[in-house]
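Fit chains B and C to the given chain A structure using the hints.
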Amino acid sequence: MSELIPTCALGGTMPRTETFGALTLTEVADLALASLALRRNGVRPAPMGMALPDTGQWHAGEGIAAFWTGPDQWMVEGPGRAEEDFARLIKAEAPDASVTDQTDGWVVFDIASSAGGGRIVDLLAKLVNIDPRRLAAGTACRTGLEHMAVFVIRRADDRLTIMGMRSAAATIWHALAGAAARLEGSAT
Amino acid sequence: MLIPHPLLGPRDAQEFTYLGDAALLARPDGMAEGALGAFIDYVYLRDNPAGVHRELWFHEQGDRSWLVVTRNTVTHEIIDAQLARDVALARKGAVA
Amino acid sequence: MTRLAGGLIDRTRTLSFTFDGRSYQGHPGDTLASALLANDVRLMGRSFKYHRPRGPIAAGSEEPNAMVELRRGARQEPNTRATVAELYEGLEASSQNRLGSLRFDLLAMNDLLSPFFAAGFYYKTFMWPRAFWEKLYEPIIRNAAGLGRLSMQADPDAYDKGYLHCDLLVIGAGAAGLSAALTAARAGAQVILAEEDFLLGGRLLAETHLLDEAPAGGWLAKVEAELAALPNVRIMRRTTVFGTFDHGIFGAVERVADHLPTPGNGVRQTLWRITARRSILAAGATERHIPFANNDRPGIMLAGALRSYANRWAACPGQKVAIFTNNDDGHRTALDLAAKGVEIAGVIDTRGSVSALGNYPVFVDSVVENTRGRLGLKSVTVRSGAKNFDLDCDVLGVSGGWNPNLHLASHHRARPVWNDTLHAFVPGENGPPGMTVAGAAMGQGSTAAAMTAGASAAVAAMEGLGLRAAMPELPRAEKADANLYPLWHVPGKGRAWVDFQNDVTVKDIRLANQENMRPVEHLKRWTTLGMATDQGKTANVTALAVMAELTGKSVAETGTTMFRPPYTGVSLGVLGGGDTGPHFRPRRLTPSHVWAAERGAVFIEVGPWMRAQYFPQAGETEWRQTVDREVLATRQGVGICDVTTLGKVDVQGRDATLFLDRLYANAMASLKVGMVRYGLMLREDGLAYDDGTCARLAEDEYVVTTTTAQAGPVFRHMEYARQCLWPELDVQLVSTTEAWAQFAVAGPNARALLQRVVDNFDLSNEAFPFMACAGLTVCGGLRARLFRISFSGELAYEIAVPSRYGNALMARLVEVGSDLGATPYGTEALGVMRIEKGHAAGNELNGQTTAQMLGMGRMVSAKKDAIGSVMSRREGLLAETRVLVGLQPVDPALPVVAGAHLFTEGDGHSTATDQGWITSACYSPHVGSAIGLGFLANGAMRMGEVVVAANPLQGGEVRVRVVSPHFVDPDGGRLRV
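Residue numbers (the numbering used here), protein chains in the order written: chain A, -7 to 180; chain B, 121 to 216; chain C, 81 to 1057.
Hints are supplied without guarantee of correctness; some may be wrong.
[As the list claims (entries may be wrong)] In silico DMTMM-like links for lysine to aspartate or glutamate, alpha-carbon gap of 25 Å or less:
1. K212/B / D741/C
2. K118/A / E629/C
3. K943/C / E197/B
4. K118/A / D235/C
5. K83/A / D326/C
6. K212/B / D735/C
7. K752/C / E54/A
8. K118/A / D971/C
9. K83/A / D735/C
Just so you know, these hints were derived from the structure itself, not from any lab.
Just chain A, with the same shape it has in the complex (with noise of 0.2 Å):
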């Protein structure tokens, strides 16, 4: 690929990671990431086999995933596929949507708690106002983090991502660490 070195959201040149208890957030550099909308009228394609997730889910295909963002309009997940063209990838499996590339849009969090959903739920109940009983495992929304637009993906019952702006990668850390750092009662 090109001589370039990419820099990681946060700054660095490998991503962040960091554990409070039981709580663990990860930097995700190398997911791509590619908004799939229908044209008017148009028929939902099934890129590389995937049928995509009704309205608020997530799902896995086989080496991609998907979630719902709006009314026709998805985002295709490629993990590991960063510096691929993802979404001429995704273009040429649903030629008839508008494709357009987001991979370097969003700044990808993961957050994976080993004391089970429960803490998830703790910790969501600091970040974003919604109802955990319509963020369970396999659902995806876009909601209000600290006056910023970011998408909540339960990916499992103890396993969350949250994408927000890239340039916010900082400010999002900042909010999830230290909600996390709070829960877990650790020093921030």
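Here is chains B and C on its own, set in the frame of chain A:
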């Protein structure tokens, strides 16, 4: 307030941006005869009811849908919420 | 130290604390007030206006008197109620609102001057002469006003916030609230039980009634254990629900660490926003007193509070207790205290035929007329029928009935209604949707009635949610009626306090009545009744009843003042949340931020963005040196600037072209693939909204840019046009602002520099002319976009790469261009160069200007119906003659100031003679003097004229010459080489 999003269920009003009277959906034809007069009404003349009001809300920190929300401005009771796109299309269908 | 037997304090442990520097001891479970009373300290403060000696009258959050400064140093908190401050080891408190000691307060002379401080005295006294207000009256009042003192230091504690969602929120964990929570919890609902106290139980903690023939503690423990074990219940102690908002949203503050010496690593308080589908208000009731002359001496308390101190805290504020009551509840206090071995001097009952519940004297048909005792009660004067006699006692419990705590049910403007049977206001109709009020808050004051009401309310709430709930088995409990006969005040000569905190007496209400300040809202403002930290919880209803009596109206007709959040005081720290300083608001960093910081850039806030303002080099001592160098280096060689902050929107669809043609005032339909065009957006009212570029990447794909400031609003506006105005068009929008790091590469060497990073791409003027755009790769295969656009007036490009490569590309460009003079520049040089070129920016696109004023009137196409185009042709806007011009000082040594107004030479400076204003100004190293842009009446016809730029705000005026706004390359030749 909670806005009953037609696709997503109740969501806090903090996620939304308010615009105003849903009469804005009825934009006049700028190329028609007498367009200027029609636009002056459209841009400046608004009802400001103490009671039931149809208004536009944008789900800015959400799915980016514009909604037409029918709300009682006195009690804040929300009677109805629809996707503005559906309302606008139905309106245009009726006109055409 | 006077401790009674029993109580809910942990006598196995002792806590030391100080009050006004003296050391005392208490136990876990104590409040500061209970511990002080147990140490025979009952003088805890001075009143607001008259500096009267005061002690606590209550045992909860309604307390008006016993307010202290808690803690020391930066953590000092004024106006803390001693009645709710939990005791901890080492607690330090001091009394407030005094000059000298608490016992000998020099400001107590105010009490002797009381005739001058009657209701409305501010309005009457400090009127004339007018000039005295600012210099004399206000400083005096400010000095005397207020109670406690702030530390004047930054708050060292952390605060948190959060969001909770539940099926049922139960506010208050007394008999009604616990029954309600239990009922709903067993039905499987998500329940939040919020209690402001640190123990669950409410009045059950303060009463001796039996539940199923056993002390209430057993039932409380059982219920608490069951609720704590249920996963669907969240018990929140030390949590005050302070406000009811629309649609089941509540505000609550959890005092996480206020009972500890310091929060340590944790937070002090958490602000919760609770969204509840249903709610039950079970906030109990507040006892009211009965005003009589000198009813404010330490030792005079609410009778129910005496019971709380004796039963829960094993404390009594004296040795010999009298009770003044108009109902049976007062007798309970006598009974409970007698059972604890306290001497009862007698119960003074206003009613005619009552008998004692135990072995104590009862004086029927009697009232307390006056009291004695300078720093604490010594005796009371009783009028019994026609007789008067003194009764020795150092404690007097007063019981005038109970007022339901209905505040949270009235935050939606629902008016409480007067209940003639209960002689109290109870919650009325039209309360918050989804809320039921139960227990004493609804006037259902007996334990049995409260429990049943709580459980029934929960059953009904569950039914509304589609859940089936069963009434729980409730213990047998007392269901006595208080048999209240209303008496609102004892008429007489002396001052009878109604509102202790604000020193409002019956006389003040009488005066307000005489002065026609009768409506309750007027009464409140005229007398200051019900204001300040307690919001009149122990005063308001009594005051209304007194006013009703004076006006000959019923209490129902007199009505209540408006209830508003918060129920009790909320600290600004917790409302502000934990984030201060650099975390006060979201901060956005540009892709080249790390490189710029390493390079020593000075950053500036541009909205949420931190942008490099300029890049100082060694030897540069003043910012202007740096900026001048960056400008000249760009104009002579090549400069590079991170312009990622400009908004970018990807527009796709079969109708993308038509959509953009309607969005922009100028023609877009003719734009060819591979080309870029300047675009001007108008608002529908015809004024200029935003500008940017529109690049056609493919037949059905565009990327448009917005200004940095308007990126969010313009995207919203575009979605509005797409969804609301033209939903029939096939258009899809998505923001790509963040996805691409974009750099302006400007200057005569721009092409040469870019040639060194592009992969086999022909940059020649023929292959890639002015306003061209293309996708390409750079630096060995990296995807990129190139636009030949210029904001500086030089040969210029903007190059975009995926954001994570932005930092490296910036470094690469500067590195490989060193021999070409490649120079990074910041927002300051960017601004200078755009002013030199005469490009409009935020200062010119300020929402008050038109395309015509910007010199772009002819761009607005009349051949299509774009947003704002019709209204831009309004007569009034067409008649506007002010247009954008350049301005240059006649004396090149003089500055040009943005915001200055322009006047014709020789004219006076007034609105009538105003010719326009200067929008932007800077020092131009290219011109060699200050320059400006501005809007000038008939500007196009005045080239060469000298006008006056006047700056009355800061003083000074400068003669400036009107010139073309294009100080650089007016023909645009440089752009096209």
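How the hints compare with the structure:
1. K212/B / D741/C: holds (20 Å)
2. K118/A / E629/C: Violated: K118/A and E629/C sit about 51 Å apart, past 25 Å.
3. K943/C / E197/B: violated (45 Å)
4. K118/A / D235/C: holds (22 Å)
5. K83/A / D326/C: violated (45 Å)
6. K212/B / D735/C: Holds: K212/B and D735/C sit about 17 Å apart, inside 25 Å.
7. K752/C / E54/A: violated (40 Å)
8. K118/A / D971/C: violated (61 Å)
9. K83/A / D735/C: Roughly 19 Å separates the two Cα atoms, so the pair holds.
The structure fails to meet hints 2, 3, 5, 7, 8 from the earlier list, while all remaining hints are met.
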